[in-house]
Amino acid sequence: MSSTAAGWLQFALLVAALAACYIPLGNYIAWVFTSDKDWRVERGFYKLIGIDRTADQKWSVYLRSILAFSFVSVLFLYGLQRLQHYLPYSEGFPGVTPDTAWNTADSFVTNTNWQNYAGEATMGYVAQMSGLVVQQFLSAAVGLSVAIAMIRGFVRSRTDRLGNFWVDVTRCTIRLLVPIAIVGGLILIAGGAIENFHAYQTVTTLAGGHQTIPGGPVGSSEIIKDLGNNGGGWFNTNAAHPFENPNPFTNWFIIFSLLLIPFATPRAFGKMVKDNRQGYALVAVMAIIWALAVGGISLFEAHTGTGGTATILAHHAAEGTEARFGTPGCSLFAASTTVTSTGAVNCFHDSLTPFGGGIALFDIALGEIAPGGIGAGMYGILILAVVTVFVAGLMVGRTPEYIGKKIRPTEMKYAALYFLTLPVIILTAAALSIGTHVGQKSIFNPGPHGLTEIVYAFASEANNNGSAFAGLGTSATWYQILGGFVMLFGRFAPEIFALGLAGSLARQQPVPASAGTLDTRTPLFVGMVVGVVLVLVGLTYFPALALGPFAEGLH
Amino acid sequence: MWGWDLGFIGMTIGAFLVLWLLVKGVERFER
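As given, the protein sequences belong to chains E and X, one line each in that order. Those letters in the first sequence? Residues 1 to 555, per this note's numbering, in order. Those letters in the second sequence? Residues 1001 to 1031, per this note's numbering, in order.
Hints listed in this document are in silico derivations from the structure and should not be mistaken for laboratory results. Heads up, a few of these hints could be off.
[What the hints assert, rightly or not] One side only, chain X facing chain E, incomplete, derived with CB under 7 Å:
| # | residue |
| --- | --- |
| 1 | Trp1004 |
| 2 | Asp1005 |
| 3 | Leu1006 |
| 4 | Phe1008 |
| 5 | Thr1012 |
| 6 | Ala1015 |
| 7 | Phe1016 |
| 8 | Leu1019 |
| 9 | Leu1022 |
| 10 | Val1026 |
| 11 | Glu1027 |
[As the list claims (entries may be wrong)] In silico SDA-like pairs for lysine to any residue, Cα to Cα no more than 25 Å straight-line:
| # | chain 1 | residue 1 | chain 2 | residue 2 |
| --- | --- | --- | --- | --- |
| 12 | E | Lys274 | E | Ile481 |
| 13 | E | Lys413 | E | Arg507 |
| 14 | X | Lys1024 | E | Lys37 |
| 15 | E | Lys441 | E | Ala470 |
| 16 | E | Lys441 | E | Ile481 |
| 17 | E | Lys413 | X | Leu1021 |
| 18 | X | Lys1024 | E | Arg158 |
| 19 | E | Lys406 | E | Ala392 |
| 20 | X | Lys1024 | E | Lys274 |
| 21 | X | Lys1024 | E | Leu48 |
| 22 | E | Lys58 | E | Leu417 |
| 23 | X | Lys1024 | E | Arg408 |
| 24 | E | Lys58 | X | Trp1020 |
| 25 | E | Lys413 | X | Val1026 |
| 26 | X | Lys1024 | E | Ala416 |
| 27 | E | Lys406 | X | Trp1020 |
| 28 | E | Lys58 | E | Pro409 |
| 29 | E | Lys58 | E | Leu48 |
| 30 | X | Lys1024 | E | Leu75 |
| 31 | X | Lys1024 | E | Asp275 |
| 32 | E | Lys413 | E | Pro510 |
| 33 | X | Lys1024 | E | Gln57 |
| 34 | E | Lys58 | X | Gly1007 |
| 35 | E | Lys58 | X | Lys1024 |
| 36 | E | Lys413 | X | Glu1030 |
| 37 | E | Lys37 | E | Asp275 |
| 38 | X | Lys1024 | E | Ala17 |
| 39 | E | Lys441 | X | Gly1007 |
| 40 | E | Lys406 | X | Glu1030 |
Beta carbons: idealized from backbone N, C-alpha and C, even for Gly.
Generate coordinates for the entire structure from the input sequences, incorporating the hints supplied.
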């Protein structure tokens, strides 16, 4: 079988597996957040941290709980890394340097998992397990909790309460993430991912050289890295490392894991608003954009006409591609990791063709709504659906309503602020880096490719993706500090506007559908949302895309 | 090194303070 045919077979199997999980997993997610009964372990946890689980929180209190939780998490993770040499299983590594420790703490708490360090050469086992892996569960749970609070804004009426953050995050972790991670981790380990506490071993190679072989509980970390759309690899080469991702089966399973929950969340939305067709409409939008991204990157990576002499001789863009997975496996992974907020990689994104890399950048710039990060994709696409309803209302005179709630100027202000926040953060940080000497010092690739690398770096950090084009010295203090702020504001500022919008919707009285109401369950609406997403993002980032990947590709 | 640590702890406090104030600002806008 040719590698192209194998690639499309993998894609078809993914679609089938995700479709099979859509209803059961979506229903289960809805049950997790709507069930009246607490599990005993949950009650014990609430008692331990002194939470009144019956307290229903206003949107701003819900948000302050997130901020307080994340603030403590950043400080804890920072301290853990700085003091890791006092921990067992530190493998002889010293404390992480302050700037790297701060950037990494911000990165893992915000679900970004941007890594300015090589995991196997910087972090001991306990720092990875008790710090980074724990945050991979918790930051994912925070994202999904915000999405659920947003959905409650549509479900509830005449109230300013959106639920209890502490209950949501606890249930998400205990009932959803941990059980799937246990099963998925065992599958990865059975597939060959390593799981041990061995000390690093130095061996003599056949050529007489010396090589250090790292170990670690990698399989159990790998699953939540993907399932929680985190992306922070145990090893520097991430999912291209054979200990993390040993064979084509684990490669497929990793891609499946990172798409699983985001693609099932629209079903939970449909279930909670008691109209499953609303969920089908949103998942259709996500699936169309994902398929376009996979097709686009696959096309440019397989196309030999524009990639230069080496590409023509190899019959595909082979540089930076992991030979075990080939170009199709790389393209499918690259598209899936950038349309979600995962950021795991199995090939070198800097080596993608200019247009292939441009699509990866565009995927991230979409705000990762197709299907997006765990939770973040859901609240992102809900806001874009609100914008679409409003635009449709302006175009054809329909009443701007969505799921029985009016889209008034207040709601549109929240939606506009949400949408503008990320471009402002990304483009300001990129402009500061290009326009200052301290930022320019770390640009190793001049010209359009260098611009793409910078914009990609900040787009990835602000959208909490975490994948990177190399060639930019992001371990320089400037990029460590600026990147830390970009991740914190890129994660939490949009959540403020998303929950503000949810609070505004929850206070409304539901409006019964009338002849003037736009049906948001039809293929027409799906097409309109896809159009609004592509046009809004395309226009916002057009100058950066034109001067970066387009200029490089057309050169 | 301790100076750097204090600096980064201060930056964390500063960043979350800005976010906290943003929530307060949005609440005021709401009223």
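Against the structure, the hints come out as follows:
no.	hint	in the structure
1	Trp1004	holds (4 Å)
2	Asp1005	holds (6 Å)
3	Leu1006	violated (10 Å)
4	Phe1008	holds (4 Å)
5	Thr1012	holds (5 Å)
6	Ala1015	holds (5 Å)
7	Phe1016	holds (5 Å)
8	Leu1019	holds (5 Å)
9	Leu1022	holds (6 Å)
10	Val1026	holds (5 Å)
11	Glu1027	holds (5 Å)
12	E/Lys274 x E/Ile481	violated (45 Å)
13	E/Lys413 x E/Arg507	holds (16 Å)
14	X/Lys1024 x E/Lys37	violated (33 Å)
15	E/Lys441 x E/Ala470	holds (15 Å)
16	E/Lys441 x E/Ile481	holds (15 Å)
17	E/Lys413 x X/Leu1021	holds (18 Å)
18	X/Lys1024 x E/Arg158	holds (22 Å)
19	E/Lys406 x E/Ala392	holds (13 Å)
20	X/Lys1024 x E/Lys274	violated (33 Å)
21	X/Lys1024 x E/Leu48	violated (29 Å)
22	E/Lys58 x E/Leu417	holds (20 Å)
23	X/Lys1024 x E/Arg408	holds (22 Å)
24	E/Lys58 x X/Trp1020	holds (15 Å)
25	E/Lys413 x X/Val1026	holds (11 Å)
26	X/Lys1024 x E/Ala416	holds (19 Å)
27	E/Lys406 x X/Trp1020	violated (28 Å)
28	E/Lys58 x E/Pro409	holds (21 Å)
29	E/Lys58 x E/Leu48	holds (23 Å)
30	X/Lys1024 x E/Leu75	holds (23 Å)
31	X/Lys1024 x E/Asp275	violated (34 Å)
32	E/Lys413 x E/Pro510	holds (20 Å)
33	X/Lys1024 x E/Gln57	holds (16 Å)
34	E/Lys58 x X/Gly1007	violated (33 Å)
35	E/Lys58 x X/Lys1024	holds (13 Å)
36	E/Lys413 x X/Glu1030	holds (11 Å)
37	E/Lys37 x E/Asp275	holds (24 Å)
38	X/Lys1024 x E/Ala17	violated (44 Å)
39	E/Lys441 x X/Gly1007	holds (23 Å)
40	E/Lys406 x X/Glu1030	holds (16 Å)
The structure does not agree with the numbered hints 3, 12, 14, 20, 21, 27, 31, 34 and 38 stated previously, though it agrees with the rest.
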